[in-house]
Amino acid sequence: MDAPALRHGAMFDTNELELNMGPQHPSTHGVLRVVLRLDGEKVVDADVVIGYLHRGIEKLSENRNYTQIVLLTDRMDYVAAATNNVGYCETVEKLMAIEVPRRARYVRTIVCELQRIASHCLWVGTHAMDIGAMTVFLYAFRERELILDLFEELCGARLTYNSQRIGGLPLDIPPGWDRKVLAFVEVMTGKVEEYEALLTENRIWLERTKGVGVIEGPEAIALGLSGPPLRGSGVPRDIRKDEPYAAYDEMQFEVPLGKAGDTYDRYVVRMEEFRQSLRIIRQAAEGIPEGPVVGKVPRLIKPPAGETYHAIESPKGELGYFVVSDGKSTNPYRFRVRPPSFCNLQALRRLCRGHLVADVVALIGSLDVVLGEVDR
Amino acid sequence: MIDTFVIPLVKILVVLNATLVAVSYMVLLERKVIAWTQSRLGPMRVGPYGVLQPIADAIKLMIKEDITPVRADRWVFTLAPIISMVPALIVYAVIPFGPTVTIFGHAVPLYVTDINVGLLYIVSVASVGVYGIILAGYASNSKYPLLASLRASAQLISYEVAVTLTLVSVILMAGSLSMVSIVLAQEQARVWYGFVQPLAFGIFFIGSLAETNRAPFDMPEAEQELTGGFHTEYSGMRFALFFLAEYANMIVVSSVATTLFLGGWLRPFPNVAWLGVLDLIPGWIWFLVKSFVFLYIFIWVRATLPRYRYDQLMRLGWKVLIPLAILNLVATAIVKVWWLA
Amino acid sequence: MADDPRKPEDATPHDGDDPGPVAPAAPAAAAASTPPGEVAVPGAAAAPASPRPPVAPKPAAPPPAKPAGAVAARPPAAPKPAAEHPPKAAPPSGPAEPPPPADVPVPAFIARLQAAKPGAVTLVSYFVGDWTIVVPVDRLHEVAQHLRDAPEAAFDFCSDVTATDWPPRAAERFDVVYCLYSTTHRQRIRVKTRAGETTPVRSVTDLWPAANWLEREVFDMFGVNFTGHPDRRRILMPDDWQGHPQRKDYPLEGPGELLLENPQEWLKLKQTRDEADLE
Amino acid sequence: MITSTHYMLLSAALFMIGVIGVMVRRNIIIIFMAIELILNAVNINLIAFSHALQNAVGQVFAIFVIAVAAAEAAVGLGIILAFYRNKETLNIDEMNLMKW
Amino acid sequence: MGEAIAFYTLAAFILGFAVLVIATKDTVHSVLFLVLDFLFVAALYVLLEAPFLAVIQVLVYAGGIVVLYLFVVMLVNLKRPPEAHQDPRRRTWLGFGLSAAILAELAAIALYSSAGAAPAGPAAALPVAGNTEQVGWLLYTRYLIPFEIASMLLLVAMIGAIVLAKREL
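Residue numbers (the numbering used here), protein chains in the order written: chain A, 408 to 783; chain B, 37 to 377; chain C, 15 to 293; chain D, 74 to 173; chain E, 268 to 436.
Just so you know, the hints here were simulated from the structure itself, not pulled from any lab data.
Keep in mind that this is a model prediction, so the values were computed, not measured.
Built from N, CA and C at the ideal position, the CB exists for glycine as well.
Heads up, some of the hints might be wrong.
[Unchecked claim] Using C-beta positions, here's what the derived DEER-type ranges look like:
id, chain 1, residue 1, chain 2, residue 2, range
1, B, A369, D, H79, 40 to 46 angstroms
2, B, T40, D, T78, 49 to 55 angstroms
3, D, N169, B, I103, 34 to 40 angstroms
4, B, I103, A, V442, 41 to 47 angstroms
5, C, R126, A, G597, 25 to 31 angstroms
6, A, P705, C, P214, 27 to 33 angstroms
7, E, I429, C, A164, 56 to 62 angstroms
8, C, R126, A, G734, 29 to 35 angstroms
9, E, S418, A, V442, 30 to 36 angstroms
10, B, G211, E, S418, 39 to 45 angstroms
11, A, D452, C, P214, 27 to 33 angstroms
[Said to hold, decoys possible] Calculated pairs, EDC-like style, for lysine to aspartate or glutamate (alpha carbon to alpha carbon, straight line, at most 20 angstroms):
id, chain 1, residue 1, chain 2, residue 2
12, A, K648, A, E661
13, E, K433, B, D109
14, A, K587, A, E693
15, B, K179, A, D585
16, C, K284, C, D253
17, A, K598, A, D556
18, E, K433, D, E161
19, A, K501, A, E661
20, B, K355, A, E614
21, E, K292, D, E161
22, C, K262, A, E623
23, B, K179, A, D649
24, E, K292, B, D109
25, A, K449, B, E66
26, A, K709, A, E425
27, A, K466, C, E267
28, A, K501, C, D144
29, B, K355, B, D315
30, A, K666, A, E623
31, C, K284, C, D245
32, A, K617, B, E66
33, B, K372, E, E372
34, C, K262, C, D245
35, A, K466, C, D263
36, A, K501, A, E608
37, A, K666, A, E608
38, C, K262, A, E560
39, A, K501, C, E111
40, A, K449, A, E425
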C-alpha cells in the first residue's frame, strides 16, 4: 500500500465540514437555511438559502385593487405589520397626491413607534435567548402584550392589523385610546431599565457580543444595510429624520449611533431606540390634534399613470415601496417592496466569516431579520 | 451484629432513596424558581401547585419509546447513561450529613462511611463520570453528538483540574483527606473555610458550575448551536438517566461545597458564643439548609446569565481559574508553614 | 362597492376570434415537457435555466394601425380549461414618464451627468417629486460609476434594483430600475434602462455589493440576463424551477393545472425531464 | 492465606497478557493499552511487597510508575495522532519508516 | 477466609478483562474493558491496604489516561480496522512463542530467588501513621529528588504532546 500523497498540514478529519443550519433550526427566526462551511470550529463561508416562505405577494398584488393590497402588506413583516400598512398607504397617497389630515398623521406616527417598540421587544427577547439569557425573553414578551392590547383596541387584531386606509385611517381612534397609550409609555420606561440591568453590563453578554461581526460605516452602506445595523456602524441614516413622513417633522428625538459596528453596538442602538420611540409616542399622544381622519379620496382608487418609490423607517430598516400604475385599471401594474431584512440578511455571509458557530447565531439575532419580509 | 450490618444497610437505603427523591424534586424546584424569576408560575397542573410533577415526568419518561439509532453501538449506547449516573450516587458514601447521634441506644454516625481518602475518592469518582458523556456521543453514531461529547468532556477535564486544586488548599487547611475530619477541623478552628478561603470557594463554585455542565457553561447542550448536544439520540428512560445524572451531580457538588466550605453540619458562625441557641436545630438540618442555598444559587445563575462561547469557556478554565487556584494553594501553604513556625 | 378585481372596467366581451396566432408549435423540448392535452402556456414552457432564445413566436409586432382602444395584440391568452378568464384591458405599451414641468429646476447632478456623458441620458422625467433618468443598456455601468463617484451626486446607497415587464415592447421588454440614494446629500434618483429577455445587462454588484441579491431576485423573477454577476443563481424559487414567475405572461396559478390535479404525473414528467438533462 | 507469591503470580499473568497483546496485535492503540497492562502488573507487585514488608516505599514507587505511564501515554498518543494524520492508518506494520 | 475469596474474584476479573482488552476487535470496547480492568486493580489495592494508591489509580489511570485513549480512538474513527489486511511477514505464532519463553524465564527467577533472598527488614518506623501520610512523608523526604525528576518528566511530556498534536503553532 503506497503512502497516500503527503497532505501537508491537513488535519485528519477536520477537512472542511459542511454544517446545515436550518431551515428547521431553533435560532434562525423562521425558515432560513445557512449552509456553513467550517474548518474545525471556524466558519469559512456561509451560504444563505432563502425562499422557503415565498408567497409571491408582488405577483398577487398585481391582481388586486389598491385597497385590498393593504391586507397583503400585513403579512410581510408580521412582527411590525402596521408599519408596512403605513408605508404602502403613504406611497399610494404620494402617487395620487392625496393630502392626509394632521390627526391621521399623528395616529400613524404613534402606530409606527408602537410597532418599533413591539418589534424591538421581540428582537431583544429572542436575541438574548439565543445567547443563553432566558429571562429577558419572558420580560420582553410581557411588555409586547401591552402593545398588542393597544392595537386590538385600535383595529381589532393582534397580528395582521389592516390598520390604515389610503388617505388616512378606517375609523377614528376609540375615545381614551391616547390616554391608554400614555399610560403604556409610563410603564414601559421602567421596563427598558430592567432589560438593560440584565444585559448591558453583563460580563458574559459583553464577551459574547463585543467585537462580533464588526462592519465599518462605508462598507455597511455599500452592502445595503439599513436601520439599526447601519446606525450601529455610526452612519447617521434615519428616514424619519432625512425624509420625514407622517408627523415625524413635528417630533423631537435623537437618532442613536453606534461606534464600532459590532453586535454590542447594534444592541445599544436598539435599546436607545426604545427610549426615543417612547419619547416620540409621548409627544404625539399628548399633542394629537382634533379633526377628520380621512383625506379627500375618490371612492374608486385609480391613481394616474406613473410610478414612484417611497421609503419609510421600519423597525428593521428602510422599507421601500415601488408602485407603477398604468392610469386605466384599479390594480397596480407593478408592485415592488424593498424589504430591509432582505438586504440586511445579505450581509450575514460577510459578517460571519472567521467567526465560530455560536457567533453566527448571535449575528442572525443582531441583524433582526423576519423571514416573512425576506421571502415576500 | 446490628451495628455492623443492619445500621449501615439502613443508612445506605435512606441515603440512596433520599437522593433519588431529592433529584426528582430538584427538577421541579428548578422549573419553579426559573418560572418565578421570569414572572410566570411554572408547572401548576399536576397536583397542588405542581407538586406531583416529578412523578408525572418520571412516568412519562418510562412510558416513552426508547429508540436506539440504527448502527449505533447497542451495548455502549445503553451503558453510557448508567456510567454517568452511578458515580453521582456512590459519592454519597463519604459525605457526612451530621455528627454521631445515638438513636435507641446505638451510636449511629450520620454518614455512611468515613474513609481517610474521602475527598480523593470523590474527585476520582467524578472523573470516571466523564465516560458517560464521551460514550454517549460516540455511541449515537452521528456527527453532532460526537462533536458535542468531545467538547463536553474536554470542558469537564479542564475544570476538574481547577476544582481539584481548590480542594487541595482546603486539605492543606484541614490537614486530612477524610471528610468528617475536615468538618471537625472547621469545628475545632471555629470558623468555616468558606471565609478563610474565599478565593478557593469562588473558584470551586465556578468550576463546579462548569463541571456539571450548568448555567453559563452549558455549551454542550446548547440547543441553539449544535442540535441538542450529546444526548440528542436518547429518549425515554435512558434520557431520564442522563437528565437525573445532571441534577444528581449538582446535588453532589453542593453537598461537597457545604462540607468543605460551609462547615458541614456546623451551625452558622460557630465562633459567636451567644448564637448558641442555633445549636438546638440538629446538625443535619443545617447541612440540608446550606446545600439547598447552594443549589438555589445554581438555579438562580442559570436563570439570569447568558452562555459562554466554547473557546471563552476553555480560556477562562485554563488561563484564569487554574493559575488562580495554584496561586491560592501556594499562598495557603506559605501561611500554613509561617503559622506553624 | 369595491370593484370586483376580475372584471376590468371596459373589457369588451371576448368574442373568441382571437386575432393573434396562438403559439401551439412549441419547440420540441417544450413539447416533450408539455403534458398531453394541456395547451402550452408560453410562459410556463420548459425554459431551461439559461435564458432560451425567444423560441415561442411572439406576436411579431403589434399591428401598425393599432385601433384606438380596441383590443390590441394582447399576449395569446390561451383558453384555460379552468374558469374562462375575460381578457385583461390592453396592457399599456410603456411606462408613463412625464417630462419635467418648466417650473421645477433640473437638479445639478443630472445636468453635470449630461455634460460629462453626452448622449448617455436618453430621457429625464419628473413625477410627484421623483427624478428618473433613462439610460441605454450599454452605457448603464458607465453612468452608474459616475453617479457613485461624482462628488455632487455621491449615490453610495443602492436602495433597490427591480424590473417592470412591458410585454408589448417585445425587443426591450423589461424596464430594469435602480433606485439610488446618497447618504451625504440626502437625495434620491431612479436610473432606468430598457432590456429584452436576452440583452446582457452589466451587473452593478462591483459598484454596490448591495445589488448582489437584488439582481439575483430580478434574474429569478424576470429572467433579465445580468452579466458579470458573482453568483447568478435563483434566490427565491427552487433552483430547478422552470420559467420566471413575475413576468406578465406567467399564469397567476403557477406551472399549470397538471401539478394541482395529479401531482404524480407531474412528478413523473419531471423525472423524465431530469433524466433528459442528465444524459 | 494469601501470600505475596499469590500476588506475584497474578502480576506475572497480567504481565504475560500484556506481552502477548504487544506481540500479537497490529493496532497500535491496542499495543499501547497492552503496555499499560504491563505497567499495572508491575504496580501490583510493588504494592503487594510493600504490604508484605509493611514498608510504604513500594507505594511511592508505584506513584512514580503511574507518573511515567501518564507521560508515556500523552507523548505516545501525540505520536499516534501525528502518524495517523499522514498515513491514515494505525497498522503498526506500516510504521517502518524512520522519517516520512 | 474473606480475604481469599475477595482476592480470587478480583484476580479473575482482572485477568478476564485484560484478556478481553487485547482480544476484542472493536477498539472502543477494548478501551472500556481497560477501564474496568483498572477499576478492579484499584479494588485489589484496597485489599492490600493501600487506599491512597487505589484512589490515585482511579483518578489518574481510569479518569485520565484512558480518557486520552478514548479521545484518540474517537478522533481517529477508523473506517477500516487495521487488521484488515494480512501482512505475510507477520507471524502471530512467533509472538506466542516469545511470550512463552519470557514466562519460563520468569518462573525460573521466581523459584530460585525466593529460596535464597532474605527479606529486607521492616523500614524504620515513620513518625506518621496511616497509609496516605506515610506515602506522603516518604515522598517528600527520602524520595524528593525522584519526585522532582518525575515532575520534570511530566512537564516535558506535556510540551511534547502539545507540539505533536497542534496543527499550527
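Unsatisfied constraints (hint numbers, rising): 2, 3, 4, 5, 6, 9, 10, 13, 15, 19, 22, 23, 25, 26, 29, 31, 32, 33, 34, 36 and 38
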